[in-house]
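Q: Taken in order, these protein sequences are the chains called A and B. Residue 475 in the UniProt record's numbering sits at position 475 of the first sequence, and the numbers go up by one each step. Residue 258 in the UniProt record's numbering sits at position 258 of the second sequence, and the numbers go up by one each step.
Treat the hints loosely; a few may be bogus.
[Stated by the list, open to error] Below, a sample of chain B positions facing chain A; criterion: calculated Cβ distance under 10 Å:
#1 Q150
#2 A210
#3 H223
#4 R266
#5 H680
For the record, the hints were derived by calculation from the structure and aren't laboratory data. Think of the CB as a built atom: it goes at the ideal place given N, C-alpha and C, for glycine as much as any other residue.
Single-letter residue listing:
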Amino acid sequence: MLLLSYPPPFIYVHDPDNVRLTTAAIRSTLSHLVSEATDVPNLKYACVDAVACFSPRILFDTALNALAGWTPDWRDGAQNWEGPAGAETRRYNENFDAFVHGLQAISSGVSASTSSTSGMGGEGKSKARAEERAPAGERMVLIVERAERLKDNLPDLVVPLTRLAEMSQVEITTIFVSEVQWQNIRPSLRASPEPYYIDVPRLSKQATIDLLASSFPPAIPESSTSRATHVAAYHPSLKPLYAHFLASVYSICGPFTHDPLELSYIAAARWPGFVQPILDAHRQQLQEDAESATAADADDPDAEGDLEDPHEIPPVDEDARIRLLRLFTPSLTAALDTLYPRLTNAAHWARVHAPPPDLLTIHLGHAPEALVAQAAANAASIRASAPGLTEAGIDALPRMAKFVLVAAFVASTNPARSDLRMFGRGLDERAKRRRRKAGTPRKPKPGTTGTAVKLPQRLLGPLAFPLDRMIAILGVLLEENDADTRPVAPQYTLPGEYTEMEIARVAVYANIAELASMRLLVRISPVDSLDRTPTFKCGIGYDLATKLARSIGIMLNDLVYEAL
Amino acid sequence: MKEFNDPSKDEGYDLQIRAYKAAWTRCLDRNILKALHVPIVNDITEQVRNAYADVLPGLPCPELPVVALAGTSILDYHMPLRHDAQYEDVIYTSQVHLYPAECSSVMNMMKVVVTGFVDRRAVPIDSGKRKPTSLASFDINLLRTWYDAQDAKPRLTVFLHEFEKFDTSVVQDVFYICRQVAPYMHIPHLPLVFVLVMSSPPSPSFLQSAYPRSTLALLRVHHVASPAGLMMVKEVLTKTFFDPDFEPDIMLGPGALEHIIDFASRHTASPDALVTMLQLAHLKHFSSNPLSTLVHDELLGTTLHRAGRTLTSSAGLALLVDALHARLLAASESRPQSQRNGDARPQTADELLAAVSGARTVFLTQARRLRVAFAVARIAECVALGEAPQGVPSGKSAEGRGMRLDSMEMLSSLLRGRGSSQVRYVCMANRKLSATKLRALLEALHSFWYDMESATVRRDEEDARIWIVETLNQLPAESEDPREDDLPVPQDAQTKRLAGSVGDWLQEYIEQRLVRLEDRALWDIWYTGATPFPSELINPAPRPTVVHALLHPHDFIRSYEELTRASGDGEHVFGAPEEQNEPALWELPDTSIAFRRYVEAGRMVNVFDWFESFAVVLESQYKHLKRGKDMQEDENMDAGVDEDADVDMDEEEEEQWKVEVQARFMRALHELDYMGFVRHTGRKPDHVIRTIYDVPD
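Generate the whole structure from the sequences, applying the supplied hints.
A: Structure (structure tokens):
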């Protein structure tokens, strides 16, 4: 990172794993450099995020304000940096040209101010850095995070940014940080200079653990009112235990994710629960001590001095540590299951999985059950405390939506050519169909085993189907399973006429649109093409479909071409 | 009563609509929905307030707090707004409401977010218009500078309404940007909180399926489910029409209730749909029944002593008077002979109005008593049989066991007079109650009767209250044994006797009151009875209707005429209504002829062939019309014209006729095209593809 002595004008940092971490590292290095004024005196840097800077103006504003060290103030109308003091105010965010001028203004303005001061400060430097005393004595760094987004958001700016030093004739280094390679961003025709590549290697296991351990949060001030955490959970004296805990977290979650951020997310969710037994034990110990102390008080009023600092937690012995780790290992897997896909958030998870009080006093054999029971109880109490939060879920869907979903699942799983066989209802079609089901499943031909195994559609993912087909299947399902529950309508005399009307109703289509917006049905065809039949895919899996079908009285297995 | 459907003619209609408005406003003002949402709103407010106070320490990076509110829709948009006002003194919250339409791109969305906060209250120092040299209005940094300048540090809350309709890529970027400025580790930045208003159910979660993990990792999502679905529908219906403390102006009959319940369970149980249906039921009641003018009072929009004169003098109200006479006569005739001797038929208008007033009192008392009895029955059931299982049993299983009084289906069957078996069952269960449960029951009833708000109802239920106090006194002192309730406790003799008498009394009390409301005179002013709900208005079937209309245009024209005849002056009805036989093909309108031909074609329709066949029909139509006209002319002019002349046309005429046929065909074709029956194919010239195939005859 200390390439900054003779910096190349354009650096490309590629880190496929932890861009955020790398960015943070670059930033902190730079801020360190800036604060260490003795080393590189006039270093200025600006971080811009290619996602946040979706328009050139924001990019220019952010970069210039940061480089000039300017903070816009609301009271004077949130003005941007307006050039060096004394100079006439200009607008620097208009276009790239103005931006370059802004850079030059910053550079010259600072050099003007440094030249006046360098007389005093310059002699003290031990290292001979020629360029620092060069006329353009300002060195600037522009970091562009998530540079891959530049290509989409601001495609016109990629080339100028990479050639920034060249164009502005000031000493500026552009650093792109991205998780994709330069090849994927590089403009055509070699318009950009070749960058100086830095590839960040993947963190090793030990490095990850060390990193996480080093980020052991500072002790929380007592004033903060955090429900979930015991205040003392991040007491510095627990740090050794934290390292052990992290090693175990890594060994369990390592096969699934190496991302230190994810690991520390899981660790943050589990740690308060993990240390709680120790803290409980410690508190009890303190209480006992206090009792004995009060008992002793009568005898010896001077004994108070012996008491150690009540916040100092004694180191945990090996035995308890192993016991705790063993106890909490299953919950770590559970945490990975729910937290990695963010099915819930860490704070909530930590609250649900808080261990029962005084876990260490519970007998070894019963402790796991106690843990599970406590989690269930916590979940129940949280649910009870949040009124109205019913676990309605998919059961709350209206009846027609359930039918639509089942029809969509069938349409997505069965090949279209099987529809007539599955749903064609002649006079004795039902009996025939049953017989076919009862018959032996098609066996692969003797010669072709192994080579052309046809995967069941269920495993291949849903097929797209046109809306009409789904509506037709819906009609069959309704006719067979819903006809009894409908309100009587004497105006429909023909068999099936009622169903025919029902499936053409506006509410059915409204339900389909609603389901599509919920992503339970996935719309394949573009929304704005009115000309075509819309096509959909089913967005629910087999289990959910079975559950739904059961709730409306459909035997789903009879309707699926390749039944389980 | 068709002859009274004469709305636009006079002030009668006006009065009806005014009465409708009053009744509907009263019904809507019940605010049950709002009350239902209060816990949710509290929860959200709590979440928003604590969003940054309650952060799990040790997280690797800041998270953007997000409250995902599932299962609501437009109606409750403004509830959080109102409610948050209470908290404004505690932590002043600032809110921005976003809708999908204004967030088509990242820039637009950021602009709305930033300007929504920044331009909310004009800070006096603000120079008004920002210069181009200042921060852009879509720059999050502008919001940050603004926030830094605020003295009261507000919570910034962003509501995303109809969250499903937002462009996911846009929202992803916005979340990313806003996350960057989120406070972390006691570094105060912008305390933004997002509230996502979604209509999808809480699981499977829309957020999980629509947004990638990388975005979800930026958020701290707190899921809140709003009370939606059938539970809400039931609550609203019960609280509106069966709450002893509330008297709706219009009582919905079983016809409407059944439809609403069916629609809610089958299609959508959203509050919007429910409110619309209730409104429609009200509107229908008032627009179809002229007597409904008399819902509130018999003043007819005037003062009392003038009402009678208005009634007699106004021509428009004459029909109303007739109808009233007829109805009162019918009511008095249906009564037994002994009662009829006393009351003579009302002669003057004032007497008539007095009769209406009397009928109103009787009906309202009846309805009130019904509500009270129903509430009592539900209390008894709840104590005797335990809480009703939540969730609505699906169709078949509900019929197996007896329907619970507390279930939604019961509301309509109660009004149909079908609830008595369950009532009897409940009362039987009451007779076997143990002492503890009996005490619980009696205490529940006691508090029910004494906590009623309406003074009239309380006066009405004086007897019941006396009875309940007496019975409570008879109850043996509470036994101390902590036996479980669900164990079968043998009843001691005294309890048994008491429980038996309570059961008997309850049964008599309830059954006396659960009567059919249709039995009262002039009931249909206040009660919709078994009239069906106009479901086609809520849930039409457009395509079959259009097809049917094209196949049988005359039926539709006729029914439309019937509908509008009242409003117009009974215009000439197209085609004689008595004529039941199917009109011949040539008698149909052009579009229908073309459609008939279309129905007979194959999958692809050759447009020229279609035109030819269309022309044939028009040819015969021309002949028929000509012949008809000629016959008329024959009669009129008494002149014999040779028979062949009507068919033949000279060349010029023929040319003109051909052009006309073509024009008419083009028009018919375009109309069908417009209705979506034709799809053009690029592959085969002169051919179109049919879009519907199985057309019923």
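Q: Run through the hints listed earlier and report the numbers of any the structure violates, in increasing order.
A: Hint check: nothing fails, all pass.
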